[in-house]
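Asks: Sequence:
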Amino acid sequence: MIFLFLLPIGAAFMNYSMPLQIGALDMAFPRINALSFWIFLFGGVLITLSFAAEGGTASAGWTAYPPVTLDTGNNAEPPGAGMDMWLVGVILLGQASIFGSVNFLVTIFKMRAPGMTMWRLPLFTWTTLVTGLLILLSTPVLAAALVLGFIDRNGAGGAFFDPAAGGQPLLWQNLFWFYSHPAVYIMILPAMGIVSDVFGVFTRRPVFGYRSMVLALIAIGLLGFIVWAHHMFTTGGVFLPFFMGATFLIAVPTGVKMFNWIATMWRGSNIFPTAMLFSVGFLMLFLIGGITGVFHAAVPVDFALHDTYFVVGHFHYTMSIAATFGFLAGCYYWFPKMFGKFMNEGLGKLHFWLVFIGVNLIFFTQLLLGLDGMPRRINDYVDNPGWELMNMLTTIGAFVSAAGMMVFLYNVFYSLKWGERAGSDPWEGTTLEWATTSPPPAHNFDSLPEIRSERPLFDLRFGEKLQDDPHYHVNNGHNGNGRGGGAKAPTASTREEA
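Following our numbering, the numbering of the sequence shown begins with 23 at its first residue and continues without gaps.
Note that these hints are calculated values from the structure, not bench results. Computed from a predicted model, the values in this text were never measured in an experiment. Every residue gets a Cβ at the ideal spot worked out from N, C-alpha and C, and that includes glycine. Mixed in with the good hints there might be a few duds.
[What the hints assert, rightly or not] Taking lysine to aspartate or glutamate pairs in the DMTMM-like style, the calculated list, with each CA pair at most 25 Å apart, reads:
(1) 132 to 76
(2) 363 to 76
(3) 439 to 394
(4) 132 to 442
(5) 371 to 442
(6) 439 to 329
[To be verified] Label-pair distances were calculated between CB atoms; the ranges are:
(7) 159 to 393: 30 to 38 Å
(8) 371 to 27: 30 to 38 Å
(9) 176 to 309: 42 to 50 Å
(10) 173 to 403: 34 to 42 Å
(11) 273 to 393: 15 to 23 Å
(12) 76 to 26: 19 to 27 Å
(13) 277 to 393: 33 to 41 Å
(14) 176 to 321: 33 to 41 Å
(15) 159 to 267: 53 to 61 Å
(16) 472 to 87: 50 to 58 Å
Construct the entire structure; sequences and hints are all you get.
Replies: Spelled out as structure tokens, the structure:
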């Protein structure tokens with residue numbers, strides 16, 4: 023879920039949409055981009071093959087805590103070759119991410135169209151920038167830890183994490199979480215950017231507090247590097263007051279973003295196509311994940327809830343399903359741009375409700391189980407019959423969610439073959455990706471409008487009218503599906519005239 027879905031789908035959206043949003047003809051280094059893809063593909067294949075290897079893949083869990091990962095002689099079933107394949111595969115995924123982050127950063131800093139200043143970047147591009155910096159600064163730490171773990175496992179003279187040989191298991195936890203907590207934001211920030219862009223279109227008003235959104239985004243990135251040890255409160259190896267305070271502090275910029283999203287919808291001309299539904303769903307799920315995360319910032323509460331199902335529920339609300347809802351919003355939002363066809367709205371809404379109901383059945387019941395004391399990583403709870411109903415609801419939720427995702431896959435294939443054709447700007451968007459054909463040509467743009475703000479297409483449509491009459495009311499030109507029905511999208515000729 024983490025390494026083979028959330029990371030690559032975010033990178034895919036950033037690769038596709040970010041160059042279009044800044045008016046670039048391509049990524050700065052296309053060949054490095056291709057190299058990044060092939061390294062990632064090989065690493066993903068290696069991880070997948072490790073399922074069939076001795077011991078299976080990541081048999082010590084995705085956190086790979088030593089000494090469970092090591093053959094110390096005390097483990098009943100020490101991890102086999104599958105664990106080594108997983109370690110090498112994740113190293114390759116990290117290398118691909120580093121190459122990709124360099125490409126993102128250089129593209130944003132060096133390939134922007136004339137007039138596209140930093141304070142005119144769309145919010146999704148800002149999230150790409152901060153995500154690229156997080157990847158570049160944190161992923162080498164994980165790669166180093168994985169290499170050291172591989173050396174420990176294969177008797178190559180290392181004793182970094184093996185306590186029997188004088189190593190320090192807590193060293194692994196520090197290195198792992200120094201990457202893995204920023205990784206939460208590496209996965210969630212692109213989803214936040216997508217949601218921001220979707221709100222800016224389907225509320226028919228600019229995102230409230232653009233600059234405060236950017237500053238909050240930067241603050242989240244910075245604070246993400248100083249809160250990693252809140253995963254280690256119960257180890258006794260961290261300075262509790264500092265990391266507790268830093269964890270509380272990160273809720274402030276996150277709260278700013280939540281407030282701004284809600285303020286954007288307040289009294290907006292809101293339309294709810296599927297992309298907007300998934301964006302609102304993102305807000306609701308991320309709010310639950312954020313509130314339950316604040317619980318863990320308090321050391322006494324964390325001591326009580328650590329390693330219970332409450333942690334599992336919180337973690338998945340925050341990073342897994344909230345991010346997934348943001349990326350699904352991106353699929354419905356940018357599908358017409360990618361393929362020149364709309365996704366089916368009826369199937370899309372069915373998809374949303376099935377998945378929304380299903381994931382809440384799964385993870386809200388896990389929050390309740392955690393509060394009731396159910397520990398994670400157990401496969402039998404016969405001594406606690408009160409947990410059976412909640413676990414059954416979790417299983418039902420998983421099947422409902424799976425049914426929803428099957429509807430999504432069917433919708434993709436159905437829409438590719440029979441979907442209604444979309445124009446260059448079907449949503450009446452405000453950012454530059456809607457100023458070219460759907461799908462775009464290989465060079466992205468034939469021409470570009472003048473860029474005077476973070477919403478250049480809005481300026482192109484209504485700039486002169488608003489200059490003549492500051493009180494001019496911009497009509498909601500959408501029909502019931504959120505598709506543009508009022509002001510027309512700019513054509514190549516109108517762009518050239520502009």
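Asks: A separate judgement is required for each hint: does it hold in the structure or not?
Replies: Each hint tested on the structure:
1. Between residue 132 and residue 76 the alpha-carbon distance is near 47 Å, which puts this suggested pair outside the 25 Å criterion.
2. Under the criterion of a C-alpha separation no larger than 25 Å, the hint pairing residue 363 with residue 76 is inconsistent with the structure, at around 46 Å.
3. Taking the CA atoms of residue 439 and residue 394, the gap is about 49 Å. The hint is violated against a cut of 25 Å.
4. Between the alpha carbons of residue 132 and residue 442 the distance comes to roughly 37 Å, so the proposed pair goes past 25 Å and is violated.
5. Distance check on the hinted pair: residue 371 and residue 442 sit about 17 Å apart at the alpha-carbon level, within 25 Å; holds.
6. Between the alpha carbons of residue 439 and residue 329 the distance comes to roughly 47 Å, so the proposed pair goes past 25 Å and is violated.
7. Restraint check, residue 159 to residue 393: a C-beta distance of roughly 36 Å satisfies the suggested window 30 to 38 Å.
8. Separated by about 23 Å at the C-beta atoms, residue 371 and residue 27 break the suggested range of 30 to 38 Å.
9. Look at residue 176 against residue 309: about 45 Å separates their beta carbons, and that is inside 42 to 50 Å.
10. At roughly 38 Å, the beta-carbon separation of residue 173 and residue 403 lies within the given 34 to 42 Å, and the hint holds.
11. Judged by the Cβ atoms, the range 15 to 23 Å given for residue 273 and residue 393 holds: they are separated by roughly 21 Å.
12. Separation of residue 76 from residue 26 is about 21 Å and conforms to the stated range, judged on CB atoms against 19 to 27 Å.
13. The hinted window of 33 to 41 Å between residue 277 and residue 393 is violated, with their beta carbons roughly 24 Å apart.
14. About 38 Å separates the C-beta atoms of residue 176 and residue 321, a value consistent with the hinted range of 33 to 41 Å.
15. Look at residue 159 against residue 267: about 22 Å separates their beta carbons, and that is not inside 53 to 61 Å.
16. Under the hint 50 to 58 Å, the C-beta atoms of residue 472 and residue 87, about 55 Å apart, fit the expected range.
The structure shown violates the earlier hints numbered 1, 2, 3, 4, 6, 8, 13, 15.
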